[in-house]
Amino acid sequence: MGSDRYVYLDDDAGVDGGVDLRALTDRGSDHGSDHGSDRDTRPDRRGPLSGLYYDDPDDIFVGGLPVERRRMGLDEELADGLTARHFLERFDPRLANRPDLDPDGVATRIADQTREQPRLAQLAGQERCVQRVYAAFGGGAFHGPERHEGSLDDTDHLLRLVERQDPAQFDEARREKGIDAFKKGNGKHVCAESSTSIADAVAYAVALARGVDHPKVRAALEARHDPPKRPYYVHVPIVDLLGENGHEFCGGYQLVGEDPREAIKQRDMWAKAGWKGKPRDDMCPPQTEPITTFRDGVIEFRIGHNAARDSYELISMFPRPRKEAPRGE
Amino acid sequence: MTAMRHYWLDDQDAPFRTLLCVVGTYCHPEAGPDAYGDLIRLARSRPDDPEMRLFKDELRRVLTGDTEGLHPDAIFTAACYGDGTDEAFTRRLWRQLYPGEPVPVP
Chain A
1 MGSDRYVYLD DDAGVDGGVD LRALTDRGSD HGSDHGSDRD TRPDRRGPLS GLYYDDPDDI
61 FVGGLPVERR RMGLDEELAD GLTARHFLER FDPRLANRPD LDPDGVATRI ADQTREQPRL
121 AQLAGQERCV QRVYAAFGGG AFHGPERHEG SLDDTDHLLR LVERQDPAQF DEARREKGID
181 AFKKGNGKHV CAESSTSIAD AVAYAVALAR GVDHPKVRAA LEARHDPPKR PYYVHVPIVD
241 LLGENGHEFC GGYQLVGEDP REAIKQRDMW AKAGWKGKPR DDMCPPQTEP ITTFRDGVIE
301 FRIGHNAARD SYELISMFPR PRKEAPRGE
Chain B
1 MTAMRHYWLD DQDAPFRTLL CVVGTYCHPE AGPDAYGDLI RLARSRPDDP EMRLFKDELR
61 RVLTGDTEGL HPDAIFTAAC YGDGTDEAFT RRLWRQLYPG EPVPVP
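Going down the list, the sequences are from chains A and B. If you number the first sequence the way this note's numbering does, the last residue is 329 and the count never jumps. If you number the second sequence the way this note's numbering does, the last residue is 106 and the count never jumps.
For the record, the hints were derived by calculation from the structure and aren't laboratory data. One or more of the hints may lead you astray.
What the hints assert, rightly or not - Some chain A residues judged to face chain B by a derived CB distance under 7 Å, without partners named: (1) K188; (2) A192; (3) D226; (4) P228; (5) Y232; (6) Y233; (7) V236; (8) V239; (9) D240; (10) W270; (11) G304.
Computed from a predicted model, the values in this text were never measured in an experiment. C-beta atoms are modelled at their ideal positions from N, C-alpha and C, and glycine is treated no differently.
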């Protein structure tokens, strides 16, 4: 993947007050701020990035409406005068069916996890109470942070959504062939109609710490282990875990299309052709858009088997934007 | 995209709740790499399990067109399949879960 990630606002879409997403992703280009002149030199090839230009993953343009997100401080009050730090410090790994941690072993565990998953390197600068939550899930079945946490930027989301490239896959050649980081062999990565994250390491840890203590999630994790059965997935309101403004920590992109079934089917055909290096000139590229708000959304918890298949564990956690109730409900 | 919340998670009486919860848990792209295999094993090895019996009955009803009370976007919202249509998805599901049994038709 190229080092340049060009970012600009889609003025054709009539969007005002946009944000240069490079500032959010810390992935600037060498082309300065004159995005318009860059764009003018490019062929008029509208692509999957929602009315923006797209040629290939080496030269990707990202833009559109800014996604709501901000950073969570440890002293941020979340509920009833209780802070993020409070919830992180009272986190008990055993609620998640994970072994308790020696506090002195947290840094070592994080270092070990980072060797396996470089995306977690950003945790090195976090306080121990934050690291401890991530460390508790190290070596387990949980792969939420690698795909749904703050280290993902807009480009990661879009490559996942459009090309089905797994953000957790750090072998570049395998990632560009759509190979999943955690499937055996050359199993392909799959992606739903959206790619989302809690775009802040502290907020993600808080959602995890509070989530495993939520009655719905606890009921799932405490269910009698009965493989191959697994508990149903669980939705918990974002506000219950991250506070009244918790939606501001969430971001992501979704596919666009009149028929969502057809949008996913077409996206899959597009991605598969890309993995195989087939020409895509006559294909209709997937269209995407930023998810503009997660207000009133939920956090989804996925539960599966631990490595020994003798208890249930979380396998993923990610935000979903608010959806309307069906008519008549 | 489809704008619908997963109402079947909280509504114990939602029509086709078992079908929707099962396909959401085992077939959705976020279900994890082993989930679909778990469902195949479950369907084939525990035909008399109450949940699996209900699931199979609801799947059969969908395949035969008896979908009263089922929101037209619910199966897709739950499973987020790449098959293109509910019919293609549910037919594939039946064929893979119950390979010795003909796919029910309307």
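Hints and how they fare:
{"no.": "1", "hint": "K188", "in the structure": "violated, 10 Å"}
{"no.": "2", "hint": "A192", "in the structure": "holds, 4 Å"}
{"no.": "3", "hint": "D226", "in the structure": "violated, 10 Å"}
{"no.": "4", "hint": "P228", "in the structure": "holds, 4 Å"}
{"no.": "5", "hint": "Y232", "in the structure": "holds, 5 Å"}
{"no.": "6", "hint": "Y233", "in the structure": "holds, 5 Å"}
{"no.": "7", "hint": "V236", "in the structure": "violated, 10 Å"}
{"no.": "8", "hint": "V239", "in the structure": "violated, 15 Å"}
{"no.": "9", "hint": "D240", "in the structure": "violated, 14 Å"}
{"no.": "10", "hint": "W270", "in the structure": "violated, 12 Å"}
{"no.": "11", "hint": "G304", "in the structure": "holds, 5 Å"}
When each numbered hint is compared with the structure, violations occur for hints 1, 3, 7, 8, 9 and 10.
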